[in-house]
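Given the coordinates of chain A, work out where chain B should sit on it, guided by the hints.
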Amino acid sequence: MTEAKTYTPGQHPNLPPPPNMVGSMAWLRDNLFSSWTNGALTFLSAALLIFIVPPVLDWAFLNATFSGESRDACAAATGACWAVITARFDQFVYGLYPSEATWRINIAFVGLLIAVTPWLAPRVPFKKAFVIFSLAYPLLALWLLAGGLGLEPVYTGRWGGFMLTLVIGVTGIVASLPLGIMLALGRQSDLPIVHTLSVTFIEVVRGVPLIMFLFMASNMLNLFLPQGVTFDLLMRALIAVTLFSAAYLAEVVRGGLQAIPKGQLEAAQAMGLNYWQAMAYIILPQALRTVIPGIVNSFIALFKDTSLVAIIGLFDLLNMAKAIVTDVTWQGLSIEVYVFSAFIYWIVCFGMSRYSIWLEGRLGGGIEGTR
Amino acid sequence: MSMTDNASNITGPGPAVQMEGVHKWFDQFHVLKDINLTVSNGERVVICGPSGSGKSTLIRCVNRLEAHQRGQIFVEGTEITNDVKHIDTIRREVGMVFQQFNLFPHMTVLENCTIALTKVRRMPKAEADKVAMEYLERVRIPEQAQKFPGQLSGGQQQRVAIARALCMRPRIMLFDEPTSALDPEMIKEVLDVMVDLAESGMTMMVVTHEMGFAREVADRMVFMDEGEIIEVAPPSVFFSNPASDRTKLFLSQILDH
Chain A
17 MTEAKTYTPG QHPNLPPPPN MVGSMAWLRD NLFSSWTNGA LTFLSAALLI
67 FIVPPVLDWA FLNATFSGES RDACAAATGA CWAVITARFD QFVYGLYPSE
117 ATWRINIAFV GLLIAVTPWL APRVPFKKAF VIFSLAYPLL ALWLLAGGLG
167 LEPVYTGRWG GFMLTLVIGV TGIVASLPLG IMLALGRQSD LPIVHTLSVT
217 FIEVVRGVPL IMFLFMASNM LNLFLPQGVT FDLLMRALIA VTLFSAAYLA
267 EVVRGGLQAI PKGQLEAAQA MGLNYWQAMA YIILPQALRT VIPGIVNSFI
317 ALFKDTSLVA IIGLFDLLNM AKAIVTDVTW QGLSIEVYVF SAFIYWIVCF
367 GMSRYSIWLE GRLGGGIEGT R
Chain B
1107 MSMTDNASNI TGPGPAVQME GVHKWFDQFH VLKDINLTVS NGERVVICGP
1157 SGSGKSTLIR CVNRLEAHQR GQIFVEGTEI TNDVKHIDTI RREVGMVFQQ
1207 FNLFPHMTVL ENCTIALTKV RRMPKAEADK VAMEYLERVR IPEQAQKFPG
1257 QLSGGQQQRV AIARALCMRP RIMLFDEPTS ALDPEMIKEV LDVMVDLAES
1307 GMTMMVVTHE MGFAREVADR MVFMDEGEII EVAPPSVFFS NPASDRTKLF
1357 LSQILDH
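Same order as they appear, the protein sequences are chains A and B. Each residue of the first sequence is one higher than the one before, starting from 17 at the first, in our numbering. Each residue of the second sequence is one higher than the one before, starting from 1107 at the first, in our numbering.
Please keep in mind that the hints were generated in silico from the structure rather than gathered at the bench. All residues carry an ideal CB built from backbone N, CA and C; glycine is no exception. Some hints could be false.
[What the hints assert, rightly or not] To spell it out: a stretch of chain B is covered by chain A in this simulated footprint if at least three of its residues, at any positions, have a beta carbon under 8 Å from a beta carbon of chain A; those stretches are: (1) 1197-1206; (2) 1216-1225; (3) 1268-1275.
[Unchecked claim] With a straight-line Cα cutoff of 25 Å, these simulated BS3-like cross-link-like pairs (lysine-lysine) come out: (4) B:K1139 with B:K1354; (5) B:K1225 with B:K1191; (6) B:K1231 with B:K1253; (7) A:K143 with B:K1231; (8) A:K278 with B:K1191; (9) A:K144 with B:K1225; (10) B:K1225 with A:K143; (11) A:K278 with B:K1236; (12) A:K320 with A:K338; (13) A:K278 with B:K1253; (14) B:K1225 with B:K1236; (15) B:K1253 with B:K1236; (16) B:K1253 with B:K1294; (17) B:K1253 with B:K1225; (18) B:K1231 with A:K144.
[Claimed, not checked] Residues from chain B that face chain A, not an exhaustive set, calculated with beta carbons under 8 Å: (19) N1169; (20) D1194; (21) H1212; (22) M1229; (23) A1232; (24) Y1241.
Bound conformation, chain A alone:
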């Protein structure tokens, strides 16, 4: 200990913090042993980890079988039989899509990655070219996946697996956000017709389960269409999922709109911006930014809800998994198949979640505490 020293006012130097405030010991004390109960919980957690982690590792990796032609290949091992995944990987990914045409799905997937880049990345070179590609992408993807115009047509009943889940999820997300924004603006509109229509749509759709919509889309639509007119089952599911998600997004976006002070719109109007300009440049950029967590939450829910289309007979990732489980060659491997499917859902949803956290952090910089 140094002895107390006095300084003339205005001359006090910055001193280093006391030693017990920094370093690894301080970290341990602050984070693991800050009190008796926390210390006890630390030991308890450590014990649990020791009990749980090794058996899981054992099952999933050390004693697992990764390849084989049937269930018998796994007979010797005590761990997971991942052979079912490797053997049936194509069905998990492509469903019943003709194997000689799966390259089209691969190209469509690469195209998807390129198409989303300008919307997700803050700055990309050649942004204009990227955006043009994005806008053209839906048609390109439709052509690649469904065929026609020189490509072998593939009926949507053969679409399946992760590819189908992705088609429903991405279409739902891309179509429901603009629709949700329009509904939210409509709900705030001064025009009575627009307001009433928006409120009615939102409240009706939110009051009915998604499965109900899917059932209605798959069964009841036929009653209203003339004889002989068919309407693709996948298309019906896409519409049902999109409308459903849009109603929820509308309420999320409305929360954001309400968080923007009235003065922002007044300032925009006073400068001569019209309603759409004020919304596009002033209100929505701020409103959407404040509700990014809610929007991404809705997207994650939507992506997981795509598994409900299994109920109307579409072979998405989950329904495909179910079909593989019932396969005689691989009987009794439901744990492996479902763990793998769950892992795929988790990867996508966790990715969205991390992206939203990153986005919030980036957009938050430099504009805090304003107005």
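Frame of chain A, contents of chain B only:
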């Protein structure tokens, strides 16, 4: 109709703002009662009165942030009606500065100033930047152009708001209590900019409690109470020899503290 004839007569060198028998209600509440006020081109009018007297509502009627229900308002000869085209025309002639600044927090200072130029006037970005920098220099903060509003002090933000309004080259400027939300030490920098603006010959309608500023720049003082214009007088008369008892009471309250 004689009114329409009047309207066409006052284009050009006529009054900047003309309010005739204007009434306004918020639901049941009669907030503006028979307002008659004419502001000439280049004139500076300061409007004062107790809170709730309708002074903010009055100037917000001039650029149609509030709609009046009875009477007529002409701005540079154009009558304010429900016609969106007229409202757009008028808003291009009238700039406004708010108590809470209302800068756009997601845009830089420069973008705040150029957004209306590029979107409403369809000016190329480079040209808009030049115009914006010119006005940011005029309010003495060109060096803050690349910052976000949240990084500026209140006084700086309000000066940006003034520059932003001036970028549209308005013929009339409305100020709605521009210094009321400022810390005391920042009021002067904003008032200095407003005095400069007044000296440049801008037509101004200012709602404020800054009586020093009013004395210095106002051509006429308007005193409002309970939705009515009680008294209109040049500052020399208004401060030394007010006609109405209500004006006297208000002045004694506001000047004594």
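Check your understanding: Given H1212 (chain B) was flagged as interface, is its beta-carbon under 8 Å from a beta-carbon of chain A?
Key -> holds (5 Å)
Problem set entry | Distance restraint between K1139 (chain B) and K1354 (chain B), which requires alpha-carbon spacing of 25 Å or less | holds (21 Å)
| said: Does K1191 (chain B) sit within 25 Å of K1225 (chain B), going by the straight-line distance between their CA atoms? | reply: holds (16 Å)
Closer than 8 Å, Cβ to Cβ, for at least three residues: run that test on the segment 1197-1206 of chain B against chain A and report holds or violated.
holds (count 7)
Using Cβ atoms only, decide whether N1169 (chain B) comes closer than 8 Å to chain A, and label the hint accordingly. At 6 Å from the nearest chain A Cβ, N1169 (chain B) passes the 8 Å test, so the hint holds.
Practice problem: Take the C-alpha atoms of K278 (chain A) and K1253 (chain B), compute the straight-line distance between them, and say whether it is at most 25 Å. | Solution: holds (23 Å)
Taking only the CA atoms, is the gap from K1253 (chain B) to K1236 (chain B) under or equal to 25 Å?
holds (17 Å)
Next item on the list: Verify the proposed pairing of K278 (chain A) with K1191 (chain B), using a straight-line Cα cut of 25 Å.
Entry: Given pair K278 (chain A), K1191 (chain B) holds - Cα atoms ~23 Å apart, limit 25 Å.
Take the C-alpha atoms of K1253 (chain B) and K1294 (chain B), compute the straight-line distance between them, and say whether it is at most 25 Å.
holds (22 Å)
Is K320 (chain A) close enough to K338 (chain A), meaning Cα to Cα at most 25 Å? holds (16 Å)
* **Residue hint A1232 (chain B), partner chain A, criterion CB-CB below 8 Å** => At about 18 Å, which exceeds the 8 Å cut-off, the nearest Cβ of chain A leaves the hint on A1232 (chain B) violated.
Using the nearest Cβ pair, does D1194 (chain B) come within less than 8 Å of chain A?
holds (6 Å)
Violated hints, in rising order: 11, 22, 23, 24; the structure is consistent with all others.
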